[in-house]
Structures are given as structure tokens and as C-alpha cells.
Amino acid sequence: MEELDGEPTVTLIPGVNSKMKQMCFDWGPGEMLVCETSFNKNEKSETEPGCPFIYIIRKDIDVYSQILRKLFNESHGIFVGLQRIEEELTGKSRKAQLVRVSKNYRSVIRACMEEMHQVAIAAKDPASGRQFSSQVSILSAMELIWNLCEILFIEVAPAGPLLLHLLDWVRLHVCEVDSLLADVLGSENPSKHESFWNLVTILVLQGRLDEARQMLSKEADANPSSAGMCRILGDLMRTMPVLSPGNTQTLTELELKWQHWHEECERHLQDSTFAASPHLESLCKILLGDEAALLEQKELLNNWYHFLVTRLLYSHPTVKPIDLHLYAQSSLDLFLGGESSPEPLDNILLAAFEFDIHQVIKECSIALSNWWFVAHLTDLLDHCKLLQSHNLYFGSNMREFLLLEYASGLFAHHSLWQLGVDYFDYCPELGRVSLELHIERIPLSTEQKALKVLRICEQRQMTEQVRSICKILAMKAVRNNRLGSALSWSIRAKDAAFATLVSDRFLKDYCERGCFSDLDLIDNLGPAMMLSDRLTFLGKYREFHRFYGEKRLADAASLLLSLMTSQIAPRSFWVILLIDALPLLEEKEVVFSAEQTYELMRCLEDFASRRPVWREPGVQRLQEDVENTKLEMLRLALARNLGRAIIKEGSLEGS
Amino acid sequence: MEDIYAKFVSQKISKTRWRPVPAGSLQTADTFAAGSWDNEENYVSLWSIGDFGNLDSDGGFEGDHQLLCDIRHHGDVMDLQFFDQERIVAASSTGCVTVFLHHPNNQTLSVSQQWTAAHYHTGPGSPSYSSAPCTGVVCNSPEIVTVGEDGRINLFRADHKEAVRTIDNADSSTLHAVTFLRTPEILTVNSIGQLKIWDFRKQGNEPSQILSLTGDRVPLHCVDRHPNQQHVVATGGQDGMLSIWDVRQGTMPVSLLKAHEAEMWEVHFHPSNPDHLFTCSEDGSLWHWDASTDVPEKSSLFNQGGRNSTFLSHSISNQANVHQSLISSWLSTDPAKDRIEITSLLPSRTLSVNSLDVLGSCLVCGTDSEAIYVTRQLFS
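As given, the protein sequences belong to chains C and P, one line each in that order.
So that you can map any letter, position 264 of the first sequence is 264 in the UniProt record's numbering, and since no number is skipped, the others follow by simple counting.
So that you can map any letter, position 378 of the second sequence is 378 in the UniProt record's numbering, and since no number is skipped, the others follow by simple counting.
Note that these hints are calculated values from the structure, not bench results.
For every residue, glycine included, the Cβ atom is placed at its ideal position computed from N, Cα and C.
Check before you lean on any hint, since a few could be wrong.
Pairwise CB distance ranges, derived in the manner of DEER restraints [unchecked claim]:
1) C/366 / P/261: 56 to 64 angstroms
2) C/583 / P/230: 26 to 34 angstroms
3) C/445 / P/64: 26 to 34 angstroms
4) P/209 / C/511: 27 to 35 angstroms
5) P/41 / C/121: 22 to 30 angstroms
6) P/41 / C/336: 27 to 35 angstroms
7) C/121 / P/271: 28 to 36 angstroms
8) P/41 / C/22: 48 to 56 angstroms
9) P/72 / C/121: 23 to 31 angstroms
10) P/110 / C/194: 51 to 59 angstroms
11) C/336 / P/261: 51 to 59 angstroms
12) C/629 / P/209: 40 to 48 angstroms
13) C/107 / P/72: 28 to 36 angstroms
14) P/101 / C/37: 28 to 36 angstroms
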């Protein structure tokens, strides 16, 4: 066992006093049942009225958020698309595709965040407003982490472009500057705006030097005395060597140019060029990457990773990925300055800078309230072939473990279960078993829903589950007296035993009422009739009635006989079949041939000899008498028919 | 199809229906109703695709459809139909049939009428009755016909509290859908592959005609009647096949077209352009079938966006000697003249597409992945 990563959180259940009463619980897939027991800790035997409720405790409450449902649904499509990415794709095209997938995921998070933000603003009561706002900050943190992971693990940017990506990352997530920029530019006299210098500083801190220069030119226009200084500083900003994507210069060339530029900046500072303006001087110090000057702008930097990126921009623009963690750690230490301890988000980012993927995922699993993030991120990183070496000491690998957790959470939800199916599909080891266990527990409220579940099972050749679902539906139909439906379901399940049971119900109904119900089904059984002997009998017996109704007497007679001789008719039904033969025997034309009549007689005697003997007198006695009379009538009719048949056959042969 | 807009709505959508435009008006479709299923709380909602005064840069309307109003619905919404401009009839999995009234002034929905136990089972073991899902509803003012898993057919009138006519045990299996053939005849499809025509003038619980697929008893899930030629009917089955029937002749379909890979949930002829047909399926696809013969050049059977599909067009009734102009393009079974072009309308496979509706140049569909898709340029 590994050690615990933190104290487990305590969940208080309202109304349950665990100090007074013992509690009992039971695990479910995504939730837990808790209730008070009547055991008393103290020996006192007085029975206080306890809490009469059973509580359902849900682990993954984010699944129940209306807005996050959109995240789950939309990302499901991206996930399925990612699984279908051709394995053969290698090198650049594969990487490009993975980066695109990663960006899609991020844009879904952002869309969700924006909507949550709108709802938070519109919220009427402050409590729910706060709740939505905290969701916004969680989503924003998720996007921040994801974006960093994308740069470091998926894009795998080398020295040089790495810093450009990190700058974009910071600009994207510290975006208050844009509204400030609009605010300042919109005012009558921008350079006199109270936030003017803050704005310029932020622009420089984010490396947006072109915009910073434009702002400086406004200051120069408004304040001729500082125009010269502004021009010099602006020139410094303009000449700062940067790596542009289309440029072919090598890193060494860049470093050399940068060194020259850096020395020039330093010279200006030593010459006290900007001594007259503390604002400009501090900007120059920032350009030099002066740590003290940067730390003075703590307020504007917002957080340590902004500090890190700005520091790298102005002191180590060609930082190598492998050195990142050194700067990251020291930036964090410098920025916090021992005043506060790092928060979970800081640790996650730090772990990312250290290229410790497992630590990132672990910390995220602990800090975030849902499995969505870690499951999808891990899956994506696994597609980048970054996780193969790592196996857990339980279950299968980490990707599969997290996907299973996430999918189980979806299955616990009333209606998101459909999404979970695809996640299980892409868990090669335990996915199928999990799906089998979960799918059987979906409540089947309507046939339409059942059909959807059936389709899922049939597509995956889960015959056991198909059978069980059809059986449930067939049972339900029998309970509701819907024999036709019940028979259809047992045919679909190829469940012979149940088809026999339903067929017996049909025959019983026939005996009671003298006519068939659900003819539309029984007349159209087709090959499905072969499912069980009883069903075959039902179909064939109904066919006999149809022949008789259509006056196809010879066909009817031979079918009736074959039902008995082939032993397909249940014994209990023989007496009915024999009596059905009576009208045929009484027809004007001879229907049964002599040979058929012998067969019938044999059947009759066979039946009569195996009849149970009534032991008790009374009602049964009477019934026996009735039956005996019927048999006598049959014997008589058979004898007469035999005579007629012999005469007819003899005369035919003779002529 | 580039101008198809998706909106995630946080509920699985079982039905989408355009509000009809008043006869003779030049208005285009602007409002649709949607029903949800399998949520803890289900809703019937009204959405607008019309303008709120915000035209985008191209002068067109903003893409998104906006929620106008919604109301709780007890049970899954199994079917949804506009009764008239203001009233919507909803079929519930609880066996209840509800008429909702839309108040455009303050944008609200209210219950205007309800038949609570329209569909129910009478089991031997169960108490007096247990509810049965109502699976289909069709309106032809003032009449409303509903069918259900209990195999029962109800005929309601909007102003009557009780059913005008009930056919108990009309079907031994589940009835999946219903449509009007020509008043007072209706047509139902069931779970053993049969089409039944019922005439309300006749007493008793026997259909006036039964048509069926041969042998396989593949359940039929949806049915639609050709808007102009009332004898032409299209159905969709569990195996995703599209069947075209001529109810005047034969008891078997005129043609069977292999279509989707799973249950076809809905089929619709275009109401004013019936050479076009639309189908959607559990496999997550939405198809546009174009059988118009006036397209000048059609070198291939499928255009580029179309899905590859094999045709199993069976010539069951020989109609070669019937004058070509008299018969619908859907009934011509000469393989050489089979010119059906199929286009897939959704950009990527999703979960099941449960419902679709077409009106004018607009199409709306709802899916299990909790998105509603709308396009306004069907024939562009």
C-alpha cells in the first residue's frame, strides 16, 4: 500500500448524529447508502426516535451539474474521435492531430467556463452565485493545467519556441489587461489615466512590446519633457531580438544578438538615461530581467508562473525544457517569499514543469472534484505514448483505471449512462466486464429505452445480457397480460423455455374461451415457430383451424393427425385434438382415409389407456362420465368413418 | 451541409417538431418544440431560431436557437405533435396524454388538457391497472389519435374529456407509431413488422387491412405518409431499412432500401417537396434522400458527402406499364431509373438521433448526446 496523500475529508450528513448512534452503510457503484442503526453505543436501553431516513451519498456531484453535462457530452465526441486516430500516423501529422484534439478539449472547457460565468453573474441569490463562481475558477484552473501540459508534453516545444508558447499561455490566462487596455485607450487623455503606468508595465511583463511602445508614444506626445527617454526605451523594445516562427536564424545567433541587446540596456541604466522618470527606469530594469524590479510588480504579475515566464523572457529567452524546473522552483520560492505555502494548483504546475506526468495526474485527482479532467488528460497523454511504462499494482494501467472511474460515474447518473458505454469500449482489459455489470442495472422504463440498451448489447455480442433483458421484458409483458408481446420478446431472446411457458398460456386461454387471441402474431410466426415444441404446436394447431375455416379439409385432417403421431402435442391437449376430429369424421365426404382412421384409433386407445384414474368421487366422477361419453362418440364416429373409407377406397380401386 | 448549428441543452432530446406556419402565409419556420427523455425531470420546451434583432455581419440571423419557455413533463416525452399554432400534444411514458398551451404574450406554457390514463395494462397479477407508455400521437384538428405499448388505440377530441373511441387490444404487440391515411382512416406500425389500416367508421377491433414485411417480423418504428399521394407510405424498421409501401395494392412493401445500421427512429417526407425524404437512426446518422428526377446531371448515384450504401430495391409489383408521370418517384422500381441521392447531414457520428422534423428549408433534429441541431439551408 502507498501512504495516504492527505487527510480524508469528512462529510457531515444532516440529521444523523454519529456521536449518539451507530451508522451503517452500503457501497454502490457511484454512491453510498447511509442510515442510522438502532444499536446504541451506550448501554442505555431507552430507544430514542432516531433519524427515519436512508441517505444517498454521492461521490461525484459534478455529474449532476446542468452546465458540466455539456462538457461531458461534447468531450465524449472528441474522445471517440481521438480513439479512432489512425495508429499508423507517425511523426508530424500525428503530433499535429493530437495537438488539435487537445485544443478541442480546451475549447470545450472554455465554452463551459464562459457559460458558467454568465450564470454566476445572473444568479439571484449570493450563495448559488458563489457556487457558480467557484466552479468557474475550477474550470479555469483545469484549462490552465491542460494548456501547460499541452505545451510541455504534447507539443514538446524545444528551446526557443518553448518560451513563445509559455508567453501565449500566460497571456491567455491573465487576460484582465485587455479590458484595462480598452478602458485606458477609451479615455480622453490616455497618458493621464490613473492606470496608465500599470497598463504599460503589464504589457511589458507579458512581452507585448509593440503595444507597450504605442502607449509610450502617447506619453511622449502628452509630455514633451520625457519624449526623448520614451523614444530611447521604445527603441530598446523594438530592437529586442525575438524568435519569429518563420525565421531561420539559429539559437546561437539569437543568443548572440540578445547578449548585445542586453548589454545595451544595461549601459542605459548605468548611464542613468532614465533617472528622471522612475516609471521608465523600472521598465528598463524589467527589460533587464532584474529580479528585484520584477518582484516589485507582484500585484501586477498576479501569480508565480507569470513571474517565471517574464523572468525567463528577459533573462533566459532560450531556456531548455530540461532546465525549466529549476527556474520554476526558484520563481515559486521567490514569489511566495516564505509568506504563504503553495496551494494545490501551484504543486500541479510545478510537477508539470518537472515533467513528472504521474505527479500531475495524481495531484489533479486529489484536488479536483471530478474524474473528467484526469481521465481525458491521461487518455490523451497515453495516445502521445507517454505513459506506457507505468503500471498500477491493481487493475490495469492508469489510463484504463481513470477511464473506468469516470465511466462508472456516468453510469451512476440517471441519464448520462449512454456516454459511459463508449468509454468502457476503449478500456481493453476491464471495460467489457464493467459494461456487462453496469448495463444490467439500467432500469428499463419503456420498451424504447430497452431497445437502446439491447442495441448496445447486441453490437458487442453480449448474448447473456441480451437474453436477460429480453427475459425481463417478456416477464413484464406476461404480468401485464400482453401475451403477444411476451412471445415476441422470448423469440428475440431465443428463449425456448419461456416461449413454451407463453405458448401454454395461449393454449390455456384457448381452452377457456374457445378462440385464439393475438392472431396477427400467431399467424405470422414463420421460422420462429421452431424455437420450442410447444410454440410449434401452437402455430400448427392454429394452422389447422385456418385450414378448417378455409374448407381445406384434407389438409386439416392430415395436419391434425400428424400433431398427435409426431408427439408434438402435449398429452393434456390430446382429448381436444380428438374431439376436433369429430366434425371432420362427420363430413359428408370422407376426409380421413382408412389408414388415417386406423392411426386415429390408435391415438384414441393410447390416450384412453394412459388416462389418470380418478380416485375421488363427486365432481370428478361426473367429469369422467362426460369424457367417457365423448370417447364413446369418437369410437362410434371412427368406426363409421372406417367403414365409409374402406368402401370408398375399395370402389375406387375396383373401378 | 456547413450551416448546421448544434446546441447542447443538458437533456437527452426525444422529439423535435416545427410549429406549423399558418396556411397561405409567407412565413418561414421559426419556432420548434422539443421533448426530453430519461432525465430525472423531463421538459417540453419551445425554441426560437428567429431573430432577436441581432443580425450578424453577413446579414443573416445568429446561428444559435434560443429557449423561449419550458414546462415540466411527467415521464419521458415519447411523442410530440403540434395540434395547432398554440397547442402541443405530448405523449408520456406514464400513459398520459397532455395538451400544452403556449402563451406568446408572456412566453409561458401551461397544461390545457390532460387524459391521465390513456394507456394502461390490465394484468392478472397487477392491481386494477398499471400504466403503459403512450408511444405515438397524431393530430388532425379536432381529432387526436394515440397508440401505446398496451396495443390500444385512442381517439380523442380536443374539447372532450373522455376518449371518443377506444380500440382495446387493437394489436397483440407494441404499437410504435401512428399516422392519418385519409380521414377517418389511420395507419399504425407495430413491433412485429406489420402495418395496419384502421377505419373509425367500422365497429369492432379488427383492422381493415394488414400489410407486413415477409417472414422476418422486423419491428417497424416509424411511419410517414406522402403528403400528396395518400397511398404512398414510408416506414423505418429496427434493422435500419427504409420501406416504401403502396397501400392500394399488395400486402408487401414496393421497395426495401438498405439504409442505417441500427433502428430508424423517424422518417419524414418533405411536406412541400415530397421527392425529398429524411431519416434518422440510433446509429447517430441523419440522412437526406433525394429522389427528384429533375436534377439535370447525376453521373453517380451518390454525391460526395453521401454515405456509401447498397441498394436492395426489389421489384415486387410490376409497374412498368403504368405511365411514368402518374406514379410517385418513390414507387418507380425500375433499377435503371433509380435515382436516389443520399446525403449525410450531420458532420460527425454522435449518439442516437432520436427525432427530426422538416419544414420549408429548415430542419431540426435532437439527439441522445444532448444536442439539438438546426439548419436553415436544406436545399442550398
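Practice task
Determine whether the Cβ-Cβ distance between residue 41 of chain P and residue 336 of chain C falls within the hinted range of 27 to 35 angstroms.
Solution key: About 47 angstroms separates the Cβ atoms of residue 41 of chain P and residue 336 of chain C, which means 27 to 35 angstroms is violated.
Exercise for the section: Confirm or reject the claim that residue 41 of chain P and residue 22 of chain C have a C-beta distance inside 48 to 56 angstroms. Expected result: violated, 35 angstroms
Practice task
Please test the hint of 51 to 59 angstroms on the beta carbon pair from residue 110 of chain P and residue 194 of chain C.
Solution key: holds, 54 angstroms
Exercise for the section: Can you let me know if the beta-carbon spacing of residue 41 of chain P and residue 121 of chain C is within 22 to 30 angstroms? Expected result: holds, 25 angstroms
Handout entry: residue 230 of chain P and residue 583 of chain C - C-beta distance against the hinted 26 to 34 angstroms
Key = violated, 45 angstroms
Practice task
Hint says 26 to 34 angstroms; check whether the CB-CB distance for residue 445 of chain C and residue 64 of chain P agrees.
Solution key: At 32 angstroms between Cβs, range holds.
Problem - Distance restraint hint 27 to 35 angstroms, applied to the beta-carbon atoms of residue 209 of chain P and residue 511 of chain C - result: Once the Cβ atoms are compared, 31 angstroms apart, the range 27 to 35 angstroms for residue 511 of chain C and residue 209 of chain P holds.
Problem - Supplied distance hint 56 to 64 angstroms, evaluated on CB atoms of residue 366 of chain C and residue 261 of chain P - result: violated, 42 angstroms
Handout entry: residue 261 of chain P and residue 336 of chain C - C-beta distance against the hinted 51 to 59 angstroms
Key = About 58 angstroms separates the Cβ atoms of residue 336 of chain C and residue 261 of chain P, which means 51 to 59 angstroms holds.
Exercise for the section: Look at the Cβ atoms of residue 72 of chain P and residue 121 of chain C and judge whether their distance stays inside 23 to 31 angstroms. Expected result: Cβ of residue 72 of chain P to Cβ of residue 121 of chain C: about 26 angstroms, so the range 23 to 31 angstroms holds.
Exercise for the section: Could you tell me whether the CB distance from residue 107 of chain C to residue 72 of chain P stays inside 28 to 36 angstroms? Expected result: The hint (28 to 36 angstroms, Cβ to Cβ) holds, given that residue 107 of chain C and residue 72 of chain P are roughly 33 angstroms apart.
Handout entry: Supplied distance hint 28 to 36 angstroms, evaluated on CB atoms of residue 101 of chain P and residue 37 of chain C
Key = violated, 51 angstroms
When held up to the earlier numbered hints, the structure conflicts with 1, 2, 6, 7, 8 and 14 and fits the remainder.
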